[in-house]
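Residue numbers (our numbering), protein chains in the order written: chain A, 1 to 248; chain B, 249 to 466.
Take these hints with a grain of salt, some might be off.
[Claimed, not checked] The calculated label-pair distances, taken between Cβ atoms and stated as ranges, are:
id, chain 1, residue 1, chain 2, residue 2, range
1, B, 363, A, 12, 43 to 53 Å
2, A, 35, B, 446, 56 to 66 Å
3, A, 234, B, 456, 32 to 42 Å
4, B, 454, A, 36, 40 to 50 Å
5, B, 455, A, 154, 41 to 51 Å
6, A, 12, B, 358, 52 to 62 Å
7, A, 233, B, 376, 46 to 56 Å
8, B, 363, A, 185, 25 to 35 Å
9, A, 106, B, 455, 18 to 28 Å
10, A, 229, B, 394, 26 to 36 Å
Think of the hints as simulated: they come from the structure by calculation, not from any bench. All C-beta atoms in this analysis are idealised placements derived from N, C-alpha and C, irrespective of residue type, glycine included.
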Amino acid sequence: MIEIKGVYKSYGSVAVLEGIDLQVKSGEVVCLIGPSGSGKSTLLRCINGLESYDQGDVLVNDERVERNTRTIHDIRSRVAMVFQRFNLFPHRTALENVMEGPIYVKKENPQAARRNAEALMEKVGLSHRMNAYPDELSGGQQQRVAIARALAMNPQAILFDEPTSALDPELVGEVLAVMRNLADEGMTMIVVTHEMAFARDVADKVCFLHSGKIVESGPAGEVLSTPAHPRTQDFLRRLLNHSGEVQA
Amino acid sequence: MILQNVLDFLPILLKGAVVTLQVTAGSFVLSSLIGLLFALMMVSKIRTIALFAISVVNIIRGLPIIVQLFYIYFVLPEFGIQLTAMQAGVIGLGIAYSAYQAENFRAGIQAIQQGQIEAAESLGMRGAMVMRRVVLPQAFRIALPPYGNTLVMMLKDSSLVSTITVAEMTRAGQLIASSTFENMTVYTLVALLYLAMSLPLSFALRRLEARFSTRRTS
Numbered sequence: 001m002i003e004i005k006g007v008y009k010s011y012g013s014v015a016v017l018e019g020i021d022l023q024v025k026s027g028e029v030v031c032l033i034g035p036s037g038s039g040k041s042t043l044l045r046c047i048n049g050l051e052s053y054d055q056g057d058v059l060v061n062d063e064r065v066e067r068n069t070r071t072i073h074d075i076r077s078r079v080a081m082v083f084q085r086f087n088l089f090p091h092r093t094a095l096e097n098v099m100e101g102p103i104y105v106k107k108e109n110p111q112a113a114r115r116n117a118e119a120l121m122e123k124v125g126l127s128h129r130m131n132a133y134p135d136e137l138s139g140g141q142q143q144r145v146a147i148a149r150a151l152a153m154n155p156q157a158i159l160f161d162e163p164t165s166a167l168d169p170e171l172v173g174e175v176l177a178v179m180r181n182l183a184d185e186g187m188t189m190i191v192v193t194h195e196m197a198f199a200r201d202v203a204d205k206v207c208f209l210h211s212g213k214i215v216e217s218g219p220a221g222e223v224l225s226t227p228a229h230p231r232t233q234d235f236l237r238r239l240l241n242h243s244g245e246v247q248a
Numbered sequence: 249m250i251l252q253n254v255l256d257f258l259p260i261l262l263k264g265a266v267v268t269l270q271v272t273a274g275s276f277v278l279s280s281l282i283g284l285l286f287a288l289m290m291v292s293k294i295r296t297i298a299l300f301a302i303s304v305v306n307i308i309r310g311l312p313i314i315v316q317l318f319y320i321y322f323v324l325p326e327f328g329i330q331l332t333a334m335q336a337g338v339i340g341l342g343i344a345y346s347a348y349q350a351e352n353f354r355a356g357i358q359a360i361q362q363g364q365i366e367a368a369e370s371l372g373m374r375g376a377m378v379m380r381r382v383v384l385p386q387a388f389r390i391a392l393p394p395y396g397n398t399l400v401m402m403l404k405d406s407s408l409v410s411t412i413t414v415a416e417m418t419r420a421g422q423l424i425a426s427s428t429f430e431n432m433t434v435y436t437l438v439a440l441l442y443l444a445m446s447l448p449l450s451f452a453l454r455r456l457e458a459r460f461s462t463r464r465t466s
């Protein structure tokens with residue numbers, strides 16, 4: 001359902017994406033890993049048009065994603081995004097955050113939107129915090145509200161941009177648990193992450209990016225346990241030494 | 249003697265105070281509307297619109313308020329635009345202060361984090377809705393302290409419309425003083441009456457800020 005073909009992007013003379021090809025089928029979970037500056041977040045942001053790209057095609061259901069075009073709003077309402085820093089609307093309660101898109105973008109009936117939002121808050125384990133404002137919630141709770149807000153649009157896919165990187169370590173688990181459930185339910189997900197255990201357990205495909213290229217991609221087990229490319233080996237070794245994570 | 253003067257002058261000055269409040273309220277609303285329009289133009293991605301608004305705001309800010317009032321009251325009739333002193337006062341003060349209001353709002357709008365706009369866009373919102381639902385509600389909270397300051401300044405600067413014969417409090421005081429020569433009594437009363445309006449206003453604004461400005465902004 002998402003197709004990326006030969007995408008190039010540069011900021012001035014600095015190349016950020018250098019010929020990215022990637023296909024994501026409906027129901028697939030794809031994790032993008034790689035060192036910072038490798039272009040994974042930029043690639044993700046090209047998929048819902050938060051960034052423009054210079055060459056190539058990004059297609060969602062065969063529709064070309066292009067920033068500043070008339071179709072972009074429609075595509076965005078079908079491809080949701082979860083941000084590293086949550087970006088909840090601070091002047092609205094958790095429940096209002098979740099209802100915002102359905103009521104104002106999809107013009108749903110407010111009562112129906114509220115019922116649906118309440119169900120989603122329950123799903124992310126926050127039915128007791130529906131009327132809290134974002135500044136009254138922990139980072140993990142805020143990110144779960146952000147996931148509920150994304151789900152409320154009933155999206156065909158959700159893009160996650162390092163969803164646990166801004167969280168205290170003890171709060172990472174609750175967010176990953178919600179994401180695991182979504183994956184189990186068959187949600188199409190593209191996840192930029194440094195959580196290798198999550199990638200290994202949940203991803204159907206892992207892509208390793210380096211300097212704007214996908215240097216290695218394949219089934220999670222293969223890429224993470226027996227990486228073929230020296231860059232991947234090097235990256236995983238360093239990550240391992242750092243976090244003490246158990247390798248698959 | 250002084251007490252008798254006070255009792256004689258006070259009703260006249262209070263009538264003027266009512267006009268002062270009317271001028272302030274009218275020009276405050278007008279300046280807020282024009283200022284918001286300018287602010288939205290100033291942050292526009294279309295450069296010509298932004299440049300136009302920035303130029304107009306700079307011109308307005310570069311002119312003394314009294315000159316703007318004189319222009320509207322004395323010059324516009326030559327172009328066939330006849331305004332009462334009250335109308336000219338409210339419009340003149342409203343336009344003069346719209347430049348400052350524009351700056352208040354622009355600063356508030358630009359203080360909103362990019363992530364807020366991206367989150368709204370990612371829900372599929374279009375530009376105008378992003379502004380209305382996400383940016384402006386937060387920008388108003390951020391702009392509240394300077395916005396309140398502007399209101400207090402406008403209350404005081406409403407005295408400038410006395411120069412185009414609007415019978416507000418300062419004008420009323422001038423008239424009494426020139427006919428009775430009781431300058432000290434008159435202007436002390438005028439000063440006290442301004443304080444009686446501006447201090448409670450400042451206090452109320454402080455309370456409002458405490459409720460809004462620190463929390464619930466990104």
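Status of the given 46 to 56 Å range, CB of residue 376 of chain B versus CB of residue 233 of chain A: Since the Cβ atoms of residue 233 of chain A and residue 376 of chain B sit about 50 Å apart, the hinted range of 46 to 56 Å holds.
| message | Verify the CB-CB distance for residue 234 of chain A and residue 456 of chain B against the hinted window 32 to 42 Å. | response | Cβ of residue 234 of chain A to Cβ of residue 456 of chain B: about 57 Å, so the range 32 to 42 Å is violated.
**Asked** Is the gap between the beta carbons of residue 454 of chain B and residue 36 of chain A within 40 to 50 Å?
**Response** Given range 40 to 50 Å: holds, Cβ gap about 44 Å.
Q) How does the Cβ-Cβ distance of residue 229 of chain A and residue 394 of chain B compare with 26 to 36 Å: does it lie in that range? A) At 55 Å between Cβs, range violated.
Q. Is the gap between the beta carbons of residue 12 of chain A and residue 358 of chain B within 52 to 62 Å?
A. violated, 24 Å
Consistency of beta-carbon spacing, residue 185 of chain A to residue 363 of chain B, with hint 25 to 35 Å: holds, 27 Å
**OP:** Could you say whether the range 41 to 51 Å given as a hint is met by the Cβ separation of residue 455 of chain B and residue 154 of chain A?
**Re:** About 43 Å separates the Cβ atoms of residue 455 of chain B and residue 154 of chain A, which means 41 to 51 Å holds.
- Between residue 363 of chain B and residue 12 of chain A, does the beta-carbon spacing fit 43 to 53 Å? violated, 23 Å
For the range 56 to 66 Å, tell me whether the beta carbons of residue 35 of chain A and residue 446 of chain B fit it or not. holds, 59 Å
If I claimed the Cβ atoms of residue 106 of chain A and residue 455 of chain B lie 18 to 28 Å apart, would that claim hold in this structure? violated, 39 Å
Consistency note: the structure conflicts with the earlier hints numbered 1, 3, 6, 9, 10.
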